[in-house]
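Visitor: Sequence:
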Amino acid sequence: MANMNVILATKIEGLGCEADLVTVKAGYGRNYLIPQGLAFEATPANQRFINMLQKKRAEREAAELANFQEIAAKIAAVTVNLTLEAGENGKVFGAITNQQIAEG
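Here this note's numbering = 1-based position in the sequence shown + 1232.
No wet-lab data here; the hints were simulated from the structure.
Virtual Cβ for every residue (Gly too), placed ideally from N, Cα, C.
Possibly wrong hints are sitting among the right ones.
[To be verified] In the DSBU-like style, the derived pairs of lysine-lysine whose C-alpha atoms are separated by at most 35 Å in a straight line are:
| # | residue 1 | residue 2 |
| --- | --- | --- |
| 1 | 1306 | 1243 |
| 2 | 1243 | 1257 |
| 3 | 1257 | 1287 |
| 4 | 1287 | 1306 |
| 5 | 1287 | 1323 |
| 6 | 1288 | 1323 |
| 7 | 1323 | 1306 |
| 8 | 1288 | 1306 |
| 9 | 1257 | 1288 |
[To be verified] The following label-pair restraints were derived from C-beta to C-beta distances:
| # | residue 1 | residue 2 | range |
| --- | --- | --- | --- |
| 10 | 1308 | 1257 | 41 to 49 Å |
| 11 | 1290 | 1269 | 15 to 23 Å |
| 12 | 1313 | 1257 | 36 to 44 Å |
Produce the complete structure using the sequences and hints provided.
Guide: Here it is in structure tokens:
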């Protein structure tokens, strides 16, 4: 079975992300990935295209990271206090339920 190297143009589940160089079966690459515009044959001439895809991917990942850091900061700022009855030795009766958390 012959294999070929392709450069992914988009993220493909189970295969890789855009600008990744992957090895696939020749038939899968020639008959599906390349005609659908999901990948390009890995040739020296496509190096400029690889660089463009890698730059686009890096920009997207940087934006996602900034967004995730903003969300993490908001989550870290949240404090939840729940009041529960406890016995004389400090043991809690039962467990905290989802409803108690929702009521706050």
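Visitor: Confirm or reject each hint.
Guide: Results for each hint:
{"no.": "1", "hint": "1306 with 1243", "result": "29 Å, holds"}
{"no.": "2", "hint": "1243 with 1257", "result": "18 Å, holds"}
{"no.": "3", "hint": "1257 with 1287", "result": "27 Å, holds"}
{"no.": "4", "hint": "1287 with 1306", "result": "29 Å, holds"}
{"no.": "5", "hint": "1287 with 1323", "result": "56 Å, violated"}
{"no.": "6", "hint": "1288 with 1323", "result": "55 Å, violated"}
{"no.": "7", "hint": "1323 with 1306", "result": "32 Å, holds"}
{"no.": "8", "hint": "1288 with 1306", "result": "28 Å, holds"}
{"no.": "9", "hint": "1257 with 1288", "result": "27 Å, holds"}
{"no.": "10", "hint": "1308 with 1257: 41 to 49 Å", "result": "46 Å, holds"}
{"no.": "11", "hint": "1290 with 1269: 15 to 23 Å", "result": "21 Å, holds"}
{"no.": "12", "hint": "1313 with 1257: 36 to 44 Å", "result": "58 Å, violated"}
Hints 5, 6 and 12, counting from the list given before, are not met by this structure.
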